[in-house]
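**Q** Residue-level listing of the chains:
Protein chains: 2
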Amino acid sequence: MPVALDCLPCLLRQAISVVKKITGDSGRQAVLLQSLLQQASSLDLSLPPPEIARQMHQLLQQQTGEADLYREENRRQNAMALALYPEIHRRVQASEDPLELALRLAIAGNVIDCGVSDEISELEVAAALEKALREPIKGDLTAFRQAIHSARQILYLADNAGEIVFDRLLMEQIGFGKITLAVRGREILNDATRTDAEAAGLDQLVTLIDNGSGVPGTLLADCSTGFRERFAAAELIISKGQGNFETLCGSSSKVFFLFKVKCEVIARRAGMP
Amino acid sequence: MPVALDCLPCLLRQAISVVKKITGDSGRQAVLLQSLLQQASSLDLSLPPPEIARQMHQLLQQQTGEADLYREENRRQNAMALALYPEIHRRVQASEDPLELALRLAIAGNVIDCGVSDEISELEVAAALEKALREPIKGDLTAFRQAIHSARQILYLADNAGEIVFDRLLMEQIGFGKITLAVRGREILNDATRTDAEAAGLDQLVTLIDNGSGVPGTLLADCSTGFRERFAAAELIISKGQGNFETLCGSSSKVFFLFKVKCEVIARRAGMP
Chain A
1 MPVALDCLPC LLRQAISVVK KITGDSGRQA VLLQSLLQQA SSLDLSLPPP
51 EIARQMHQLL QQQTGEADLY REENRRQNAM ALALYPEIHR RVQASEDPLE
101 LALRLAIAGN VIDCGVSDEI SELEVAAALE KALREPIKGD LTAFRQAIHS
151 ARQILYLADN AGEIVFDRLL MEQIGFGKIT LAVRGREILN DATRTDAEAA
201 GLDQLVTLID NGSGVPGTLL ADCSTGFRER FAAAELIISK GQGNFETLCG
251 SSSKVFFLFK VKCEVIARRA GMP
Chain B
1 MPVALDCLPC LLRQAISVVK KITGDSGRQA VLLQSLLQQA SSLDLSLPPP
51 EIARQMHQLL QQQTGEADLY REENRRQNAM ALALYPEIHR RVQASEDPLE
101 LALRLAIAGN VIDCGVSDEI SELEVAAALE KALREPIKGD LTAFRQAIHS
151 ARQILYLADN AGEIVFDRLL MEQIGFGKIT LAVRGREILN DATRTDAEAA
201 GLDQLVTLID NGSGVPGTLL ADCSTGFRER FAAAELIISK GQGNFETLCG
251 SSSKVFFLFK VKCEVIARRA GMP
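Line by line, the protein sequences are chains A and B.
The numbering of the first sequence is my numbering, which starts it at 1 and goes up by one.
The numbering of the second sequence is my numbering, which starts it at 1 and goes up by one.
Some hints could be false.
Identical chains blur together in the list; that is why a pair holds if it fits in one copy or across any two.
What the hints assert, rightly or not - The calculated DSS-like cross-link candidates involving lysine-lysine, where the alpha carbons are at most 30 Å apart (straight line), are: (1) K138 to K260; (2) K260 to K20; (3) K131 to K262; (4) K138 to K21; (5) K254 to K20; (6) K254 to K178; (7) K178 to K20; (8) K254 to K21.
Read the hints as simulated data drawn from the structure, not as lab findings.
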């Protein structure tokens with residue numbers, strides 16, 4: 001989907017939070033901001049929001065020489081999720097419907113998103129998990145159940161660090177053996193890369209690939225040929241997060257999108273509050 | 001105060017809401033947005049937020065030839081406030097402390113601000129008025145009482161249409177005869193101009209002037225010489241709204257600022273939640 005006008009203040013806010021992460025010096029912040037606005041003035045409004053986010057972050061990365069501004073953040077979020085893991089894993093095991101609970105928890109894990117808020121606390125994650133158990137899900141759970149049951153191979157598109165630990169619960173219910181897990185090809189925001197999949201222990205359990213791209217979504221045109229081939233050949237795709245939705249909605253009928261609605265633009269698009 | 005990094009997404013959001021008001025055509029919206037971003041790329045970050053807002057709106061006004069994009073909005077907000085006026089006027093008259101109640105209601109009226117939200121409803125205004133009766137006020141009410149009592153002439157800087165009707169309550173308690181009411185010199189957002197002061201019946205009650213400027217605040221360098229002389233000579237100044245605070249804070253010790261805190265940046269600056 002092309003970027004909406006209402007996405008731009010949000011993308012700018014996101015980039016400004018990266019600027020503040022880079023430097024506390026107001027003069028240097030101003031220089032980085034001007035370069036962002038300069039870039040934005042020739043923005044291609046047909047692009048999806050995650051590609052614009054990538055361009056903004058690439059510019060900041062070039063100017064600072066720092067490839068992974070969220071390394072510490074990601075480490076913290078993986079650790080936080082891993083600390084919760086044993087308990088929620090037990091709850092899934094003990095549940096009457098482990099698949100539904102794991103699905104709900106995987107969606108809840110999508111609350112960990114530095115694109116929306118930099119400062120997600122353990123308390124907020126815990127609250128999101130509790131809420132996830134009761135909230136309505138838009139979509140056909142029975143169709144999802146049938147689709148994952150009958151598919152022999154499933155391509156699972158990860159979203160963020162931390163969140164990927166919650167995805168592990170769902171992958172376990174689906175069956176690790178069926179899963180090819182795709183992470184981002186380069187560091188961008190707090191999106192999950194190979195490092196995060198390894199932190200979640202998933203490299204030992206599923207087939208792990210990366211998509212060759214540094215877009216915080218799945219912009220097929222920017223992905224590696226290898227990934228595009230996997231995508232085209234996939235029997236079934238599970239896509240996590242808003243960024244993947246923004247770049248893939250309408251692309252294929254074999255995708256289930258699992259994410260939390262985090263803004264008005266996507267709420268309208270998804271028909272959810 | 002110079003614009004903060006965090007102000008920019010908000011200023012952009014504000015300008016985008018004006019763009020949407022101008023046209024529903026997405027192609028034309030994109031053209032206007034590009035011109036805004038082009039202008040923003042050479043932004044002077046030493047300017048206060050209201051001056052940046054003015055520059056953005058001036059650009060949009062130039063491109064559309066429409067000087068007053070908020071005419072209907074202002075009319076609606078004045079009418080809404082005037083409909084509430086008789087009842088709140090009675091409540092002030094019947095109050096044990098009419099000055100404090102009028103002061104609280106004048107502050108509550110500051111909730112009507114198209115810079116923050118375009119769609120303020122009667123219900124929201126009514127809720128803000130009720131809340132205003134109980135909320136803490138930062139500042140020395142006794143000092144305010146004494147200052148307005150001893151001042152012979154008071155310069156009252158209005159903020160928005162609609163809100164100006166609530167200001168009338170406070171001006172009545174102070175004594176209309178003492179008041180010189182200053183409105184904006186040109187239409188900008190839903191800021192009050194002479195038209196709105198007249199709609200509130202204030203032209204018949206106080207000395208009405210305009211500041212000669214189209215900034216949604218009081219940027220002295222942009223105001224007329226006549227206004228600047230009045231400002232310098234004023235015994236006491238009552239300044240309404242965040243825009244006036246952003247442009248005048250620190251400018252003079254004889255100013256009382258009456259406004260609702262509407263964002264994080266101002267909350268930090270004012271030391272209020």
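**Q** Work down the list of hints and note, for each, if the structure agrees.
**A** Checked hints:
no. : hint         : in the structure
1   : K138 to K260 : within (10 Å within a copy, 39 Å between copies)
2   : K260 to K20  : both (26 Å within a copy, 27 Å between copies)
3   : K131 to K262 : both (15 Å within a copy, 29 Å between copies)
4   : K138 to K21  : neither (36 Å within a copy, 32 Å between copies)
5   : K254 to K20  : neither (40 Å within a copy, 36 Å between copies)
6   : K254 to K178 : within (16 Å within a copy, 73 Å between copies)
7   : K178 to K20  : neither (42 Å within a copy, 48 Å between copies)
8   : K254 to K21  : neither (38 Å within a copy, 39 Å between copies)
Hints 4, 5, 7 and 8 from the earlier list are contradicted by this structure; the remaining hints agree with it.
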